[in-house]
Amino acid sequence: MAAVANRLGDSLRRLRAVALKEVRQLSRDRVTFGMIVGVPLMQIMLFGYAINFDVRNLATVVQDGANSSMSRELIAQLRATQVIDVRYTTDSAAELDALLREGRVSMAVVIPADFERRLQSDTRPVVQILVDGSQPSLSGVAAGIAQLPMLTRHGEGPYSGGKRMAPRRIEVRTLYNPEKRTAVQIVPALIGVILSMTMVLFTSGAIVRERERGNLELLIATPLSSLELMVGKLLPYIGIGLIQTTIILLVGSALFNVPVVGHLLDLYAAALLFIIASLGLGLFVSTLAQTQFQAFQLAFVSMLPSILLSGFMFPFEGMPKVVQWIAQVLPLTHFNVIIRGVMLRGAELPELWPQIGKLALFITVMLLIAVARFKKRLD
Amino acid sequence: MSGPVAAAQSTATSTAISARQLTRRFGAKVAVDHIDLDVPSGRIYGFLGPNGSGKSTTLRMLCGMLLPSEGQAEVFGLSIVKDAETIRRRLGYMPQKFSLWEDLTTDENLQFMADLYGLTGDVQRRIAQQRATYNLEGLRKQRAGTMSGGQKQRLALAACTLHEPELLLLDEPTSAVDPQSRRDFWDRLFQLADEGATILVSTHYMDEAERCHGLAILAEGRLVAEGSPRDLMAGVEADVYEIEGADGSEAPRLVKELPFVRGVTQLGLRLRVLVDRGQADAERQLRALLKQHDIDATLARTHASLEDVFVVATRNGSRGQ
Numbered sequence: 022m023a024a025v026a027n028r029l030g031d032s033l034r035r036l037r038a039v040a041l042k043e044v045r046q047l048s049r050d051r052v053t054f055g056m057i058v059g060v061p062l063m064q065i066m067l068f069g070y071a072i073n074f075d076v077r078n079l080a081t082v083v084q085d086g087a088n089s090s091m092s093r094e095l096i097a098q099l100r101a102t103q104v105i106d107v108r109y110t111t112d113s114a115a116e117l118d119a120l121l122r123e124g125r126v127s128m129a130v131v132i133p134a135d136f137e138r139r140l141q142s143d144t145r146p147v148v149q150i151l152v153d154g155s156q157p158s159l160s161g162v163a164a165g166i167a168q169l170p171m172l173t174r175h176g177e178g179p180y181s182g183g184k185r186m187a188p189r190r191i192e193v194r195t196l197y198n199p200e201k202r203t204a205v206q207i208v209p210a211l212i213g214v215i216l217s218m219t220m221v222l223f224t225s226g227a228i229v230r231e232r233e234r235g236n237l238e239l240l241i242a243t244p245l246s247s248l249e250l251m252v253g254k255l256l257p258y259i260g261i262g263l264i265q266t267t268i269i270l271l272v273g274s275a276l277f278n279v280p281v282v283g284h285l286l287d288l289y290a291a292a293l294l295f296i297i298a299s300l301g302l303g304l305f306v307s308t309l310a311q312t313q314f315q316a317f318q319l320a321f322v323s324m325l326p327s328i329l330l331s332g333f334m335f336p337f338e339g340m341p342k343v344v345q346w347i348a349q350v351l352p353l354t355h356f357n358v359i360i361r362g363v364m365l366r367g368a369e370l371p372e373l374w375p376q377i378g379k380l381a382l383f384i385t386v387m388l389l390i391a392v393a394r395f396k397k398r399l400d
Numbered sequence: 131m132s133g134p135v136a137a138a139q140s141t142a143t144s145t146a147i148s149a150r151q152l153t154r155r156f157g158a159k160v161a162v163d164h165i166d167l168d169v170p171s172g173r174i175y176g177f178l179g180p181n182g183s184g185k186s187t188t189l190r191m192l193c194g195m196l197l198p199s200e201g202q203a204e205v206f207g208l209s210i211v212k213d214a215e216t217i218r219r220r221l222g223y224m225p226q227k228f229s230l231w232e233d234l235t236t237d238e239n240l241q242f243m244a245d246l247y248g249l250t251g252d253v254q255r256r257i258a259q260q261r262a263t264y265n266l267e268g269l270r271k272q273r274a275g276t277m278s279g280g281q282k283q284r285l286a287l288a289a290c291t292l293h294e295p296e297l298l299l300l301d302e303p304t305s306a307v308d309p310q311s312r313r314d315f316w317d318r319l320f321q322l323a324d325e326g327a328t329i330l331v332s333t334h335y336m337d338e339a340e341r342c343h344g345l346a347i348l349a350e351g352r353l354v355a356e357g358s359p360r361d362l363m364a365g366v367e368a369d370v371y372e373i374e375g376a377d378g379s380e381a382p383r384l385v386k387e388l389p390f391v392r393g394v395t396q397l398g399l400r401l402r403v404l405v406d407r408g409q410a411d412a413e414r415q416l417r418a419l420l421k422q423h424d425i426d427a428t429l430a431r432t433h434a435s436l437e438d439v440f441v442v443a444t445r446n447g448s449r450g451q
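Those protein sequences? They're chains A and B, same order as listed.
Read in this note's numbering, the first sequence has 278 at position 257, and its numbers run on one by one without any break.
Read in this note's numbering, the second sequence has 156 at position 26, and its numbers run on one by one without any break.
Hints should not be assumed to be uniformly reliable.
Stated by the list, open to error - Quick list of simulated restraints, FRET-style, between CB atoms:
1. Leu325(A) / Leu208(B): 48 to 56 Å
2. Gly157(B) / Leu248(A): 25 to 33 Å
3. Leu382(A) / Asp213(B): 36 to 44 Å
4. Gln318(A) / Arg407(B): 52 to 60 Å
5. Gly326(B) / Leu382(A): 51 to 59 Å
No wet-lab data here; the hints were simulated from the structure.
Bear in mind that the values here come from a model prediction, so they are computed numbers and not experimental data.
Beta carbons: idealized from backbone N, C-alpha and C, even for Gly.
Just chain B, with the same shape it has in the complex (with noise of 0.2 Å):
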């Protein structure tokens, strides 16, 4: 056994989920580049990253779906490739597209899960707790596939934490909901932490990953950030200014031009406009360049925000290529 994971393993108690060096090749392709990840218990932790960025690689080979083809991880201290048959049962999984059979109803469905998970002491009355806290009594005869996206998503989260599971993984389980049910899906997320579960949700909205506790951003396989969202604002090496009253011009072509400009985005009326840090002048050379085109407009500094952390840190995956 090498030194990192064994090191992991002396603070197994803390440590849902380590990751070294792992990594997962189809064919030519490699979906997962060599991550290393440690989640703590009891934490909703964050995927961050565009589509095919590897998060449901990722996920999968963590439940035990898909071997590595290079690398280990460890869930509650456990080998995801010796011991997959054990953490499967500790483990609740919740995959991107609705994965319950949409010709069962509600109780046939939950009752299922149950057997399969060979939930034992009073069954029934487990499945109607979940129907309560996930507001399904209306829907027990109804079969799943007459249900609507936030309907069958509450399904699908009572039935893949009926077994109490000690680890979630939820791979981008909003993806299909209207924002109401995103906010009621996230309160019951921060519920399940609270009882002690510990969350691995990837998404690709910025607001829900702000709200994890800690977040790993995905690129092309690699992970090129890791931190809370508040570390990652914080610690993002690159300064950010918002021009506003510039709209209708060309100061967005002009603005990329520049050499150390790593990203433009227009918000409305603004424009948001990221800077390599360290960039003495760059303020200065912003204004010059906009008095030069006469284009009257407001230049001021502000804070990142964790999709600029998000812009920096993809741009680097790439570039280290």
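In isolation and in its complexed conformation, chain A is listed as follows (with noise of 0.2 Å):
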């Protein structure tokens, strides 16, 4: 027993020796180093604001049928929101049909020739925005622009009497797309292609420079065993991963109003299950690659099917059946599903056991070939 104990506490003493190691040389690369905050910050703010740009300065048609001081005041302020941007007036509804239908605008303004009569009433719609649902995460922004104060004057309370606008006054309808896919659906995708690009880099560069440097001959002339180096070395990832995780929750809910509806634990939960299926395929990377330049490829080329085929920009279910099929195997597929369901949709992990299962499956998978393929090199 003591026998056990003591090769235990020799293994945990290399173990954490390793990872110190690495942590230290980490913090001394200062390329890489800043690659850990920058990464994240960087592609959210590229995803983040290109979203935004789209919905700034939306080609807007009015049909201002009241042609009131009042319905003025409110198509001033929704220009001051500069979300949109009105470039064309009508008075007829089939020229802002057709300017709808011809792609011109992609949102309209329609204001009654009644508007003044429907404030004052409590049962009908004030205002109609009518939107281009073809484009994603238009239906997002007017729902937002409904729920504006809007009528109200500066520094003062709601207009009219103290009476404020009802939200549900003015009305949203989403033309062409009832899914009504939003901009908050990229930022908790943007979790795991982050997670995926900075882990499955990091840690096969990692692996691999000490095989370029020439350290690995010298570690393996030690009595570390593989299946030690490998997890020292992939341990201080996963705190990386998590921090990153951080990152993104926290710059996305400043920046763009992205919710956490689900449990923060399970979020985390469903990242670090990520974040070891991600470990594990760099690792495999390392197995393959003979250099650092070459680690790096490797990754880049395992990238680009996740980001295209796991449903984190283009939908999942308008793919082709073959398509669909490789995308089930890329772990980014699975967790799109699970970090979109805890974020946006509150589902707790059980109810999400399927994706969960699947990652599970990738992970053994992943981490059987590569620890077999690490074993061989040894040789």
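Two chains, two separate frames, one set of hints: put the complex together.
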């Protein structure tokens, strides 16, 4: 018993030494260290603002049937949000339809002739906003506009005698796309994209570096086992992955108002699972590459299908069956379902067990292959 | 278990390494070709051979990094295949290329190695001891990447002897250091051998090879000569002549054409001529040749050097194919 305990103690000591060395080296490699924080920041800005750019200055047509001081006030306030850019005004419903159909505008604001009367009554919507739903994320924007406290003056309470316009009274209709894909869906998926990018890239690079610089030759001659070496090298990256997840969540919440509807703990558990899956992939890549450069190339090659097929950018449902099968192999596909479920729909992990099971299967298979190949290399 | 290995086991106390028909192939290439080897304990044993002669591959097999394709070898009487884990704890290996971490400091590198080998007791004292022995005190906080070749080599030796290994495998340890560092390094090796360590060192420097207790000469994966440097020099199958004062003449080319001449080396103003042993009238024929071409030079017989041994042995190796 004492001998077993001793062996375990020695093993843990080696593990700790490898992990500590990795952190130390990482903290001295300024470029890599900067990337840990820089990659998530850069990507979330890129994707986040690219989407935001779409929802600013939307080409809009206005049909102002009332043409009163109050309706003009409403239009001025809508303009002030900078979300809409009024390119056309029209009196004809047919022209408005045409403009929308031809894609010359993505939004239409329709103010009925009896606008002021409707404002007084409580039943009917006062304004209608028509949205081109064929473009992702627009319906969310329109919904956002509808929530804005319109017809209020600077520094004052709500307009018209303290009566705030009830949100429901601006009616939003999403045309062409009843699913309402919103920008909010992109940021949760970004967690997966950023994690798979940095985890695969960093770990494969870190392991290949030992081989490239000749350190591995020395390590093999020591009592360090290949399992200890692998686990010790991967451990710090689990921590880094969780830090990156936190960065994305914070930035997503601060800049893009992305909510976390479900449990934070569920979210981190899912992220942890996905981090391990990505590390397994990184380990596998490291057994294929001879140089760090090759490892980076391979990591990028493994990234492309993940980004394109996982449902991050394009809806998964719209893909051909064969591509869907391929996508089933990618861990990011399943993670996207999990993370969107937890963050946006408030799903709990047990409800997402099919995806969790597939991720676990991926981890098992990938680690088995990687460990088998890693051992072979040591020979 | 076959005969030779069983016999080697009975003398395990005095034999650190014994290899029988040890072979390693990489695809079609035979890197190490059926080597038999016995390295006695507590000695410095040299591997002498040109690049690609199989020195590194043999060392890598002995420390369990590569599996033999054929044959077997034992270290401390343990199989290098089955007992690699046990052997690793008792040996130190220094690869040809500096293999510690260039972005870690002296202390960090030593501490890391101490952890890997599971050093117990007062680890810091042991590390301090190594720092003192290898003159690394002033380099404690310096990263290895910024060190000179000699400093790196001292650090590498300090790191691989930290756990006081019984066997040291050193792969061309002095290829990147200046002559003074080389001398200091060898002094240190003799101290380690005095303390009881067995040292197997590969080199392509003749002067280093000559300092070894025992020597194996490798050529194209084969062991072509083995023995103490003195015995090897005495037993060389060649006579050596020196021609002095023939510089600038056609002598080197002419001499080379004689059928019994094995090699001609120019050493400054002198020509060193290796002649098949037992060629009775070699001296007469050489003199006649010089006279015939009006070359006014002196000819004298001399002792074989280790380089002569090397030339003869490696020629035999390639001839034997």
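Broken hints, numbered, in rising order?
-> Every hint satisfied by this model.
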